[in-house]
Structures are given as C-alpha cells and as structure tokens.
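Visitor: Sequence:
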Amino acid sequence: MKDKNELLEYVYQTTDMGKNSLETLLNALEGKDNKIKTIVEKQLKEYEKYYLESEKLLEKNKVKPKTKGVMTEMMSKMGINMNVMKDNSDSKMAEMLIQGLTMGIVEMEKKIKDYKDEVDKDIIKLAKNVLKFQEKSLDEIKEYL
Numbered sequence: 001m002k003d004k005n006e007l008l009e010y011v012y013q014t015t016d017m018g019k020n021s022l023e024t025l026l027n028a029l030e031g032k033d034n035k036i037k038t039i040v041e042k043q044l045k046e047y048e049k050y051y052l053e054s055e056k057l058l059e060k061n062k063v064k065p066k067t068k069g070v071m072t073e074m075m076s077k078m079g080i081n082m083n084v085m086k087d088n089s090d091s092k093m094a095e096m097l098i099q100g101l102t103m104g105i106v107e108m109e110k111k112i113k114d115y116k117d118e119v120d121k122d123i124i125k126l127a128k129n130v131l132k133f134q135e136k137s138l139d140e141i142k143e144y145l
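Per the numbering used here, residue 1 is the first one in the sequence shown, and the count goes up by one each step.
There could be a bad hint or two in this list.
Simulated restraints on C-beta separations [to be verified]:
hint	residue 1	residue 2	range
1	Val63	Asp33	39 to 45 Å
2	Lys113	Asp33	39 to 45 Å
3	Glu30	Asn61	26 to 32 Å
4	Lys66	Val106	18 to 24 Å
5	Glu41	Gln13	21 to 27 Å
Keep in mind the hints are simulated off the structure, nothing from the lab. Using N, Cα and C, we set each Cβ at its ideal position, and we do this for glycine too.
The task is simple: from the sequences and hints, build the whole structure.
Guide: So this is what it looks like as structure tokens:
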C-alpha cells in the first residue's frame with residue numbers, strides 16, 4: 001500500500017515550486033518590457049492559492065511535508081536567471097514555462113492515476129484542480145511562442 005499522504009505532499013511541493021519559480025522569473029524580468037509578465041503574475045496567484053489549500057489539508061491530516069533541498073531551489077533559481085540573461089524574449093520565457101508545465105502535468109496525471117482509489121476525495125479533488133490549472137496555463141502560455 002502506498003503512503004496516503006504522498007499525493008498531497010506532491011501537490012504541496014509542486015505548487016511551492018511553481019510559486020517560487022514564477023516569483024524568481026518575475027524578479028528576473030523586473031524592469032524589462034515583457035508582455036508575458038501579466039500572465040505569469042496571474043498564474044503566480046493561482047499557484048499561491050493551491051499552495052495554501054494543500055498546506056491546510058496537510059495540517060488537517062497532521063502531515064509535516066518533506067521540504068525540497070536548498071540546492072534544488074538554488075539550482076532552479078540559477079537556471080531561471082541564466083535563461084533570462086541569455087534571452088528574455090517572451091517566446092523564450094514561454095518555452096521555458098511550457099517545459100516546466102509539461103513536466104508537471106505529466107507527473108500530476110501519473111500521481112492522480114496511482115492514488116485515485118487510495119486517498120481522501122478532498123486530496124484527489126485538489127490534485128485534479130491543480131492539473132486543470134496547469135493545463136489551462138499551458139494553453140495560455142502558448143500564445144507567447
């Protein structure tokens with residue numbers, strides 16, 4: 001049997017990573033004239049919303065989530081900043097975001113499939129909502145390619 005909290009922890013970590021990555025991207029684009037910033041700000045608010053929802057469910061289930069390593073977070077920030085320094089065009093930023101969203105969508109779909117019969121309905125609902133949000137975000141970002 002799988003750990004029933006693994007999906008919830010995954011949603012928490014995914015939304016945390018999305019939130020942190022978009023904050024890093026917005027900071028790197030500060031003072032630059034990118035049209036994509038508006039959509040990134042909107043998506044950041046959604047990630048923050050789902051992050052708080054997952055945090056509340058973790059507390060409700062008395063789960064202390066595993067944190068990502070400091071090195072992982074640093075490497076992510078460095079990668080985003082390097083990409084912005086190389087080419088901060090909207091199309092390049094869209095490409096970077098699409099890659100991250102695609103990986104997130106694939107993994108979220110697998111996790112939902114693996115856990116759908118084993119976890120609380122609230123957790124599945126949250127995971128599916130995050131998945132829908134990621135899919136919608138992917139479609140919105142494509143217009144900047």
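Visitor: Which of the listed hints are not met by the structure?
Guide: 3
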